[in-house]
Amino acid sequence: MSTLNPVLERLRGGLIASAQAYPGEPMRDPRTMDEVAQACVAGGAVGIRAQGLADLALITQHVDVPVIGLWKDGHDGVFITPTLTHAIAVAATGVEIVAIDATRRPRPDGLTFAQTVEGLKRARPGVLVMADCGSLDDAKMAQDAGADILGTTLAGYTGERPKTDGPDVELIDQVAAIAQVPLVVEGRVHTPAQATLAMQHGAFAVVVGTAITHPTTITSWFVDAVRKA
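For the record, in the sequence shown the residue sitting at position 44 is 61 according to the numbering used here, with numbers rising by one throughout.
Each hint should be verified, as a subset may be incorrect.
[What the hints assert, rightly or not] Computed beta-carbon distance windows for the label pairs:
| no. | residue 1 | residue 2 | range |
| --- | --- | --- | --- |
| 1 | Lys89 | Thr236 | 35 to 45 angstroms |
| 2 | Pro209 | Ala140 | 14 to 24 angstroms |
| 3 | Arg244 | Ala109 | 42 to 52 angstroms |
| 4 | Lys89 | Ser237 | 30 to 40 angstroms |
| 5 | Thr129 | Gly176 | 11 to 21 angstroms |
Keep in mind the hints are simulated off the structure, nothing from the lab. Glycine residues also receive a C-beta, built at the ideal position from the N, C-alpha and C atoms.
Could you build all of it, start to finish, from the sequences and the hints given here?
Pasting the structure below:
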């Protein structure tokens, strides 16, 4: 791996906290997510991943770590920063990295992932791209298209791979073997042991969301355990 961009170097070997809430939840408020992000940084997170223009505009003002921004629009198919227009709008909030669905599925605006990356970097020189992949073939395509980070974000959600209970270690191994850019493991990392495992299998950094920033789900885990006791 050649000399890294300084933004990426700041993420090396660290935890990136994903500060996102689902629609309809009490925490689905930009101010709340901004505070969650700040709390995660206080705990040692080297980066924040967040979604939504309003959330990102606040978070980028109040944290001193790199922010990975995205815009979820829709629920099916390609909905993580699905178009070039979405990507440019996310970059305009001041984030250093834009996360984009990097699966090989059709995109709403008809552009390829490569065209989206090219268009974003032309409109916003200096912005980096995190490719949210669901398979090894996605990762190969994204790397060839100029992605700066390969992520395992969509493993188990596109039909190409089974949804594992924890992180998809087999995919991590596959992508690590071909990666010429940083591999960031994201998806179902629910314990410190799983985060350690991801690092041991070649992750450059690890994203954790639900287990840190989603009290509704975490509460349900404990409720289920108590009821079964």
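Hint check results:
1. Lys89 - Thr236: 35 to 45 angstroms: violated, 23 angstroms
2. Pro209 - Ala140: 14 to 24 angstroms: violated, 39 angstroms
3. Arg244 - Ala109: 42 to 52 angstroms: Check passed, 46 angstroms falls within 42 to 52 angstroms.
4. Lys89 - Ser237: 30 to 40 angstroms: Check failed, 21 angstroms falls outside 30 to 40 angstroms.
5. Thr129 - Gly176: 11 to 21 angstroms: holds, 20 angstroms
Consistency note: the structure conflicts with the earlier hints numbered 1, 2 and 4.
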